[in-house]
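*Asks:* The lines below spell out each chain.
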Amino acid sequence: MASIINQISFQNFFNYYGSFENNTYEFSKGVNIVVADNGGGKSKFFNGFLWLFYDEILDSDTKLRKNIKNQAVKICSDKAKYEAAVNDLIECNVALEFSDNRFRYRICKGFRIKKSKANASLIDNSDWQVFFKGLEVSKKDIALLEFHEVYDEDEQRRILDKLIQPNLREYSLFQGEEIDKLIDFNQADSLNRAVKTLTDINKYDELEKITKYVAERAEKDLNESVASNDAASQSYRRKLDEKNVRKNSLDIESERLKSYEHSYTENKNEVDKLESLNENAESRKVFDDKLKEQNAKLKEIKEEYDRLVEKLNERFFDGNFAWIAMGCENEVSNFKEKLNNYREIRTIKKVAVLSENSNQINLLPPDSPDTVTLQTMIEREHCYVCNRDAKKDTEPWKHILSLLNRKGSGQNKTVDIFKNDLNDFFGEIQLGAQSYVGRIGAIQNSIHRTREKEQELLERITKIKDKIKGLRDDRSHLIIGDEDNMIDVRQIMAQYKGALSRLQKAEEDIIKSKNRIESLTENIRKDESELSRMRPQDTPKEYEIHLDISTDIRNAAQRTKLRVFDNMISKLEEEANKHFRNLIKYNELAGGILKFEKNPRGTIDFNYVDEAGNEVGGASEGFQRMKVLAVLMAIISVNPYGYLYPLLADAPLSAFGQGFIKGFFEETEKVFPQSIILIKDLYDSESENKLNKLGNELLKNVSVSTIYLNQIPKNSKQVEVYTKLKKIK
Amino acid sequence: MTSSEFREIILKKAPKYSVSVEYLFEKLANKQGKGEFSQFGPLYELYVFAFYVGLKIGSRIELVSGSNAKKFVDIAGWKSASPLIDFLLLTIFSRSDEIGFDWNDLEDMEEKDLTDVVRKIITFIEEYAYGGLDYLKNKFDRGELDNSQYLFVDILSDLV
Amino acid sequence: MIDKLLKEILRDKELSLKYNINEDMIKKAKLSPPYENKVIEYLAVIIRAKMVEVHGDVTVYNKVKNLIK
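As you go down the protein sequences, you meet chains U, B and E in turn.
The numbering used here numbers the first residue of the first sequence as 657 and each following residue consecutively.
The numbering used here numbers the first residue of the second sequence as 27 and each following residue consecutively.
The numbering used here numbers the first residue of the third sequence as 10 and each following residue consecutively.
Treat the hints as calculated values from the structure; they're not laboratory data.
Wrong hints could be hidden among the right ones.
In silico DSS-like pairs for lysine-lysine, Cα to Cα no more than 27 Å straight-line [to be verified]: (1) Lys1197/U - Lys72/E; (2) Lys53/B - Lys1075/U; (3) Lys39/E - Lys865/U.
Next up, chain U with everything else stripped away, as it sits in the complex:
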């Protein structure tokens, strides 16, 4: 029966200001969620567990776990400390109740602090006296009402272990990125350790050992009971000695095998490490090339953008844009009208002046029709200068004729009709301004297009920036350790080659050694069966049967261990992929395949491959985390007993996106009998009930047992901060 946490209460513990009653969470089987924004008390909650199990808290500044003894003043609620008078005692406690199918247990840890002076600093230990209490444990029969104190320290410890077994605590209590360390796929032993801890596979090891011992002792007992003097027994003894020599060789060979396996593990670790260093160097190169390309693109577009923006005001004056002419339609049409007027009046004035002086003039002002044109005008009886009829023998017609017949032609200077001849001046203006004038109607459109262009460039810049960020993120996962400590590539290669050849040698040695062991074992079996035939008549029958059964059990235990392990690997693979697919099913990207294989050493190798079986590298952080969780869940799932402890996770998927979170909640429920998840990503300060879309979905979901919302009063000073919990499901 799994242990289920029924409630956890805090008293003046960090933000959990005030009595237990105000700070009690009630939980039940299944999924329990505590939603809190940053600073809402998630890590503090988690710290409560660290205190109960390890007498430690996680220092939020240094991210290091520190012993509670020196942290007492810091742990105690600032508001409580602030409000306390001199010599006041403040209680600071964490209490937890959990139950199995028979008992309910209560565990409490705490201390009191006393303010030793007015204006005591809220963090300075010397201003406070601290009194620690011992661990308080009590239990009651589930059917009964009263708790009874448990004083025996051993029992206290057993009860604490019952909540979460010590070797499983790391798999049961995890915080953010710590999850990634639970199973470090780059460390050959990490996965195997998790498998050993979380499954019953080591029971088979244990059984193999004890049955071997029993069989050996049974043989010894039998041989001691064999009579020692007759011929039959002498040849039996000789055979027995022969067998023992072989047995000895087998022991030596087994020792050798162990050292080969040790060498294999060592070198495999080194090869893995160097390989990832090497591969990472290559994959990093791929990323670097992509980054370079994107950065160049970004630079280009940024320059284009800067040019556009910087030269924006030039478009006021540039003849291709002419924005300065915006709204000058009236000026343009006035100008045209005035120009026409001017020309008309001018012509009339000119004509008047000319006719007054018709006899004296032998020269025409500029712009006057030439001889050929005058001839045509006379013939057609029409004046092209003023575009009017000039019927034959009318005054205008005669005037044209007089011009044609004037004396001389163009040899003398033009007579100044006007003091200032400005016709060209105005004409030049009209012509020169034409490129502005022609664009006036299109200026608004041109501005609009410029804005659009700018927007488009900005969007492209954002897109490329996002791309670069993504590439950088992905690339960052490829960096192992400190960049500064990167060893010379050649040195890595040399090390790698050395480790690889040692690994290969170890592998060969293991195979050879295993062959030798197999043949020795085979021969020993033969010896044994021969010995059983050679036993003197007077050998006690029951000893023979005893040995027989013991040997058979030993052999069966050996075979079973291998069979169970092989089955487990294939089941592990199946389960891990099932969990993985479910965990990532709300994510758009397809994930790879998790592959488990037994290596020559008899332990598990893990790989992440694509459909073609090629290793996949550089998966995003979200996928990495999901891989770990899927494998962890798989290990728990293959365990025939399931998991008997609650899961407590603080920010397990911080910032990985709602898809991952949704998948995580669905899958957690299937594996852990109880989970308490502290999470920010369901919080939405804008929403009426402070839950976002997924939060509200989970609120309606039947498989979620409870949801608590932690809130901090708005705009309060640090000394006034306290967490207010609200059960919303």
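Using the hints provided, position chains B and E relative to the given structure of chain U.
*Replies:* Showing chains B and E alone in chain U's frame:
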């Protein structure tokens, strides 16, 4: 006087501006590195812009002569290779009634009278430019200028 | 829970063939007496002594040896 002589005497003139708006040129033109606001390059661009703003809002402010007014670069130096000067002249001559002359009369004027018209034209430019600069100054002083690339575009668009 | 370990060993083909252990017997097999078969008894005693009562190897063997008589 020929057309080109007439054009020349106009373009040789350097319009004046009031020192009270001088700082605007520092803030809104004469780009030297990036300022707080969108800027024009050469100073005369802001001047021309202000002139058109003045025209659009119909604000003509007299420049008190004397030490309060500073001479500006001659018109000939204003984007001489672009159609700007022609368009500026187009604008001015379209407003000849307001300035107080008739196109055709110009052709019969004595040089002295013509010079007087040119003086009126320059005053016209100066006073509308001042009107526009004053408008910008008020906006600037009241902190109403947006820190946007489209500052000048928006100002003009709003008035059209 | 530990019963599963017992059953798993009994499922070993060679062992079950030699000692005529059928599926029905495996299903019923448990760590406490009575036992249907000497092998089941041996295994149950070993497993219980080692893993439930957590005895040392010598004690486990002595318990097994007692089964001879």
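*Asks:* Within a Cα-Cα threshold of 27 Å, do Lys53/B and Lys1075/U meet the stated pairing?
*Replies:* Violated, because 46 Å separates the two Cα atoms, which is more than 27 Å.
*Asks:* When you check the alpha-carbon spacing of Lys1197/U and Lys72/E, does it fall within 27 Å?
*Replies:* At roughly 19 Å apart (the allowed maximum being 27 Å), Lys72/E and Lys1197/U satisfy the hint.
*Asks:* Is the straight-line distance between the alpha-carbon of Lys39/E and that of Lys865/U 27 Å or less?
*Replies:* OK: Lys39/E and Lys865/U at ~21 Å, within 27 Å.
Consistency with the previously given hints fails for number 2 only.
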